[in-house]
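J.: Below, each chain spelled out in residue letters.
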Amino acid sequence: MKITIVDYGMGNISSIIGALKYLGVGVITVSNSLSDIVSADKLILPGVGSFPTAMNNIKKLNIDKYLRDSVLVDKKPILGICLGMQLMADSSSEDSYSQGLGFVKGSVRRFSESSLKVPHMGFNQVVIKRNSKLFKGLNNLSDFYFVHSFRMTSDADINQSECTYNDKFIAGYEHGNIAGVQFHPELSQTNGLKLLNNFITYF
Amino acid sequence: MLRKRLIFTLIYNDGFFTQSRNFRLQKVGDISWLEKNYGFKDLAFSLDELVILDASRESRSIVGFADTLSRLVENVFIPICAGGGVRCMADVEVLFENGADKIILNTIIYENKGLVDDLIKKYGSQSIVASVDYKKNDVFIKNGTQKIDMKLHDYVDYIDSLGVGEMYLNAMENDGTGFGYDLETAQKVGKNISMPLIVAGGAGNEKHLIKGLMTNHIDAVATANLFNFIGNGLPDARRGIIFNNGNIAQWK
Numbered sequence: 212m213k214i215t216i217v218d219y220g221m222g223n224i225s226s227i228i229g230a231l232k233y234l235g236v237g238v239i240t241v242s243n244s245l246s247d248i249v250s251a252d253k254l255i256l257p258g259v260g261s262f263p264t265a266m267n268n269i270k271k272l273n274i275d276k277y278l279r280d281s282v283l284v285d286k287k288p289i290l291g292i293c294l295g296m297q298l299m300a301d302s303s304s305e306d307s308y309s310q311g312l313g314f315v316k317g318s319v320r321r322f323s324e325s326s327l328k329v330p331h332m333g334f335n336q337v338v339i340k341r342n343s344k345l346f347k348g349l350n351n352l353s354d355f356y357f358v359h360s361f362r363m364t365s366d367a368d369i370n371q372s373e374c375t376y377n378d379k380f381i382a383g384y385e386h387g388n389i390a391g392v393q394f395h396p397e398l399s400q401t402n403g404l405k406l407l408n409n410f411i412t413y414f
Numbered sequence: 021m022l023r024k025r026l027i028f029t030l031i032y033n034d035g036f037f038t039q040s041r042n043f044r045l046q047k048v049g050d051i052s053w054l055e056k057n058y059g060f061k062d063l064a065f066s067l068d069e070l071v072i073l074d075a076s077r078e079s080r081s082i083v084g085f086a087d088t089l090s091r092l093v094e095n096v097f098i099p100i101c102a103g104g105g106v107r108c109m110a111d112v113e114v115l116f117e118n119g120a121d122k123i124i125l126n127t128i129i130y131e132n133k134g135l136v137d138d139l140i141k142k143y144g145s146q147s148i149v150a151s152v153d154y155k156k157n158d159v160f161i162k163n164g165t166q167k168i169d170m171k172l173h174d175y176v177d178y179i180d181s182l183g184v185g186e187m188y189l190n191a192m193e194n195d196g197t198g199f200g201y202d203l204e205t206a207q208k209v210g211k212n213i214s215m216p217l218i219v220a221g222g223a224g225n226e227k228h229l230i231k232g233l234m235t236n237h238i239d240a241v242a243t244a245n246l247f248n249f250i251g252n253g254l255p256d257a258r259r260g261i262i263f264n265n266g267n268i269a270q271w272k
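Chains A and B are the protein sequences, given in the same order.
Numbered per the numbering used here, the first sequence spans residues 212 to 414.
Numbered per the numbering used here, the second sequence spans residues 21 to 272.
Rather than coming from a laboratory, the hints here were simulated on the basis of the structure.
Some clues are possibly wrong.
[Claimed, not checked] Within a straight-line C-alpha distance of at most 20 Å, the following computed DMTMM-like cross-link-like pairs (lysine to aspartate or glutamate) qualify:
{"id": "1", "chain 1": "B", "residue 1": "Lys142", "chain 2": "A", "residue 2": "Glu324"}
{"id": "2", "chain 1": "A", "residue 1": "Lys405", "chain 2": "B", "residue 2": "Glu94"}
{"id": "3", "chain 1": "B", "residue 1": "Lys211", "chain 2": "A", "residue 2": "Glu324"}
{"id": "4", "chain 1": "A", "residue 1": "Lys405", "chain 2": "B", "residue 2": "Asp62"}
{"id": "5", "chain 1": "A", "residue 1": "Lys232", "chain 2": "B", "residue 2": "Glu117"}
{"id": "6", "chain 1": "B", "residue 1": "Lys227", "chain 2": "B", "residue 2": "Asp180"}
{"id": "7", "chain 1": "A", "residue 1": "Lys328", "chain 2": "B", "residue 2": "Asp180"}
{"id": "8", "chain 1": "B", "residue 1": "Lys142", "chain 2": "A", "residue 2": "Glu305"}
{"id": "9", "chain 1": "A", "residue 1": "Lys328", "chain 2": "B", "residue 2": "Asp239"}
{"id": "10", "chain 1": "A", "residue 1": "Lys232", "chain 2": "B", "residue 2": "Asp62"}
{"id": "11", "chain 1": "A", "residue 1": "Lys344", "chain 2": "A", "residue 2": "Asp252"}
{"id": "12", "chain 1": "A", "residue 1": "Lys232", "chain 2": "B", "residue 2": "Asp239"}
{"id": "13", "chain 1": "A", "residue 1": "Lys232", "chain 2": "B", "residue 2": "Asp256"}
{"id": "14", "chain 1": "B", "residue 1": "Lys142", "chain 2": "A", "residue 2": "Asp247"}
{"id": "15", "chain 1": "A", "residue 1": "Lys328", "chain 2": "B", "residue 2": "Asp177"}
{"id": "16", "chain 1": "B", "residue 1": "Lys211", "chain 2": "B", "residue 2": "Asp239"}
{"id": "17", "chain 1": "B", "residue 1": "Lys141", "chain 2": "A", "residue 2": "Asp252"}
{"id": "18", "chain 1": "B", "residue 1": "Lys141", "chain 2": "A", "residue 2": "Asp306"}
[What the hints assert, rightly or not] Some chain B residues judged to face chain A by a derived CB distance under 8 Å, without partners named:
{"id": "19", "residue": "Arg25"}
{"id": "20", "residue": "Val93"}
{"id": "21", "residue": "Gly105"}
{"id": "22", "residue": "Cys108"}
{"id": "23", "residue": "Ala110"}
{"id": "24", "residue": "Val114"}
{"id": "25", "residue": "Asp121"}
{"id": "26", "residue": "Met170"}
{"id": "27", "residue": "Tyr178"}
{"id": "28", "residue": "Ser181"}
{"id": "29", "residue": "Leu182"}
{"id": "30", "residue": "Gly183"}
{"id": "31", "residue": "Gly185"}
{"id": "32", "residue": "Gly266"}
{"id": "33", "residue": "Trp271"}
{"id": "34", "residue": "Lys272"}
[Said to hold, decoys possible] So, partial list: chain B residues that the calculated Cβ filter (under 7 Å) puts toward chain A:
{"id": "35", "residue": "Leu22"}
{"id": "36", "residue": "Gly119"}
{"id": "37", "residue": "Asn212"}
{"id": "38", "residue": "Pro216"}
Yeah, the Cβ is synthetic: ideal placement off N, Cα and C, and Gly gets one too.
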């Protein structure tokens with residue numbers, strides 16, 4: 212099994228590598244080259260930071276084209292984590308309007324004003340969609356580690372599992388070969404390892 | 021529901037992990053010792069986050085610290101916050117490259133606002149933790165050795181205006197005593213800031229942790245007390261918190 216972690220220069224990926232190693236993934240590559248994306252069995256789109264900056268980097272490196280071919284045409288399984296999950300949506304209003312990769316229907320915007328502190332940081336409980344492959348074997352309301360100021364919502368049915376922090380938002384989605392999680396499975400103890408293992412096993 | 025957090029702080033000093041008592045450091049063992057005697061992976065299983073601070077005073081080497089950091093985090097699947105003696109962007113890059121998810125800053129917060137701004141721009145607010153060492157109303161920087169010209173409440177306001185992600189509030193007088201946290205000050209500070217608050221300094225047993233977690237405006241409790249919490253201390257404390265209906269995460 213070869214997993215390519217798509218590198219566009221944003222986000223700490225050492226914990227993701229550590230988790231994949233722990234789960235026994237044979238080849239783990241951190242790369243943005245076409246060949247590593249094409250030759251991978253599965254892709255992970257990581258990311259921490261700003262949506263517009265990330266999209267700029269992705270376009271500059273032509274990753275958007277590579278991913279479109281692999282994900283939409285070849286149907287290669289992909290898991291977006293945190294910002295990576297948001298980038299696969301249609302758009303974000305972070306800073307100003309920016310277009311996302313558009314692999315799934317949905318938009319990203321800031322948490323609405325409330326007394327709650329932003330970023331939403333720490334473990335929080337996820338309301339798990341019953342037929343989810345990603346959360347298979349995990350109890351409803353399992354805890355995962357979140358760090359984010361922007362959140363994704365969608366009108367479409369992308370098999371959303373949800374979390375609430377003032378606003379309800381998507382904690383995880385899955386749409387065919389495309390999956391995303393707002394939290395960091397690589398920082399979520401055994402719950403996160405289980406989820407990553409589900410992605411490896413069932414997608 | 022957003023959970024509160026239990027954090028362990030490891031203090032690294034010239035190759036060794038140490039126990040701090042009122043900021044006087046006592047060497048306990050190096051990373052091999054920690055791995056061998058306590059199975060750090062098992063210990064981390066009871067934690068929500070890990071802070072690792074470089075308090076080296078004699079031979080400061082970010083490379084040595086980063087190496088220990090990368091060994092430590094190998095099989096640990098929780099957020100790691102690293103810092104201590106961070107002075108420039110290059111230091112921060114090294115720590116992120118070696119497994120840190122967040123950076124904790126102390127002296128820089130006071131001395132170099134420009135760098136803090138740059139770090140927030142590059143890594144995001146959520147990656148930066150501001151550490152505050154205080155004694156009564158006074159604030160200290162440089163490993164607690166230098167008093168600054170701002171009082172605690174003014175300094176806290178200043179930090180709130182920086183846009184950093186979290187505050188790590190350490191009561192120097194309670195540090196290493198095991199007598200419990202200064203919850204009165206922590207609560208006042210927590211009420212006035214718009215970021216999550218981690219309280220540190222003084223936890224000696226699981227009751228202190230529980231009391232801290234049950235206090236309003238406190239988002240996380242940290243302990244650096246190796247002697248009291250290593251071994252079964254942390255797993256027992258976590259079970260105790262859950263048993264007392266403390267709002268912390270659970271995993272199988």
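J.: Against this structure, judge whether each hint is valid.
T.: Each hint tested on the structure:
At most 20 Å may separate the alpha-carbon atoms for a hinted pair to count; Lys142 of chain B and Glu324 of chain A exceed this at roughly 24 Å. Of the pairs offered as hints, the one joining Lys405 of chain A and Glu94 of chain B holds, with about 17 Å between alpha carbons and a cut-off of 20 Å not exceeded. Taking the CA atoms of Lys211 of chain B and Glu324 of chain A, the gap is about 17 Å. The hint holds against a cut of 20 Å. For the suggested pair Lys405 of chain A and Asp62 of chain B, the alpha carbons sit about 17 Å apart, so the restraint of at most 20 Å is met.
The hinted pair formed by Lys232 of chain A and Glu117 of chain B meets the criterion: a straight-line CA distance of about 17 Å does not exceed 20 Å. For a cut-off of 20 Å, the pair hint linking Lys227 of chain B to Asp180 of chain B is broken: about 30 Å separates their Cα positions. Restraint check for Lys328 of chain A and Asp180 of chain B: the C-alpha separation of about 12 Å stays at or below 20 Å, so the hint holds. Distance check on the hinted pair: Lys142 of chain B and Glu305 of chain A sit about 15 Å apart at the alpha-carbon level, within 20 Å; holds.
As the CA atoms of Lys328 of chain A and Asp239 of chain B are separated by approximately 10 Å, the hinted pair is consistent with the 20 Å bound. Between the alpha carbons of Lys232 of chain A and Asp62 of chain B the distance comes to roughly 18 Å, so the proposed pair stays at or under 20 Å and holds. Straight-line distance between C-alpha atoms of Lys344 of chain A and Asp252 of chain A comes to about 18 Å, which keeps the hinted pair within the 20 Å bound. For the hint linking Lys232 of chain A to Asp239 of chain B, the alpha-carbon distance of about 32 Å lies beyond 20 Å, and the restraint is violated.
The straight-line distance between the Cα atoms of Lys232 of chain A and Asp256 of chain B is roughly 29 Å, outside the 20 Å bound, and the hint therefore fails. Proposed proximity of Lys142 of chain B and Asp247 of chain A is contradicted: the alpha carbons are some 27 Å apart, above 20 Å. Straight-line distance between C-alpha atoms of Lys328 of chain A and Asp177 of chain B comes to about 16 Å, which keeps the hinted pair within the 20 Å bound. As the CA atoms of Lys211 of chain B and Asp239 of chain B are separated by approximately 11 Å, the hinted pair is consistent with the 20 Å bound.
Under the criterion of a C-alpha separation no larger than 20 Å, the hint pairing Lys141 of chain B with Asp252 of chain A is inconsistent with the structure, at around 34 Å. With a C-alpha separation of about 13 Å, the suggested pair Lys141 of chain B and Asp306 of chain A falls inside the 20 Å cut-off, and the hint holds. The interface hint given for Arg25 of chain B holds, since its Cβ lies 6 Å from the closest Cβ of chain A, which is under the 8 Å cut-off. Interface restraint check for Val93 of chain B: the shortest CB-CB distance to chain A comes to about 7 Å, inside 8 Å, so the restraint holds.
Taking 8 Å as the C-beta cut-off, the interface hint given for Gly105 of chain B is violated, the closest approach to chain A being about 20 Å. A hinted interface residue such as Cys108 of chain B counts as satisfied when its beta carbon comes closer than 8 Å to some beta carbon of chain A; here the least separation is about 19 Å, so the hint is violated. The beta carbon of Ala110 of chain B comes no nearer than 17 Å to any beta carbon in chain A, farther than 8 Å, and the hint placing it at the interface is violated. With 8 Å as the threshold, the beta carbon of Val114 of chain B stays out of range of chain A, its nearest partner Cβ sitting at about 12 Å, so the hint is violated.
Contact between Asp121 of chain B and chain A, as hinted, is supported at the beta carbon level, the nearest pair being about 5 Å apart and thus within 8 Å. Interface restraint check for Met170 of chain B: the shortest CB-CB distance to chain A comes to about 23 Å, outside 8 Å, so the restraint is violated. Interface hint at Tyr178 of chain B: violated, since its Cβ lies 18 Å from the closest Cβ of chain A, which is beyond the 8 Å cut-off. Taking 8 Å as the C-beta contact cut-off toward chain A, the hint placing Ser181 of chain B at the interface is violated, the least distance being around 15 Å.
This hint is violated: Leu182 of chain B has a C-beta 14 Å from the nearest C-beta of chain A, more than the 8 Å allowed. With 8 Å as the threshold, the beta carbon of Gly183 of chain B stays out of range of chain A, its nearest partner Cβ sitting at about 11 Å, so the hint is violated. At its closest, the beta carbon of Gly185 of chain B sits 6 Å from a beta carbon of chain A; the interface hint therefore holds under the 8 Å criterion. Restraint check, Gly266 of chain B versus chain A: the minimum CB separation of about 12 Å is more than 8 Å; hint violated.
Taking 8 Å as the C-beta contact cut-off toward chain A, the hint placing Trp271 of chain B at the interface holds, the least distance being around 4 Å. Satisfaction of the interface hint for Lys272 of chain B is found here, the shortest Cβ-Cβ separation to chain A being roughly 6 Å, below the 8 Å cut-off. Look at Leu22 of chain B: its Cβ gets to within about 5 Å of chain A, closer than 7 Å, so that hint holds up. Look at Gly119 of chain B: its Cβ gets to within about 5 Å of chain A, closer than 7 Å, so that hint holds up.
For Asn212 of chain B, the shortest C-beta to C-beta distance to chain A is roughly 12 Å, which exceeds 7 Å, and the interface hint is violated. A cut of 7 Å between beta carbons decides the hint on Pro216 of chain B: the least distance to chain A is about 6 Å, and the hint holds.
When each numbered hint is compared with the structure, violations occur for hints 1, 6, 12, 13, 14, 17, 21, 22, 23, 24, 26, 27, 28, 29, 30, 32, 37.
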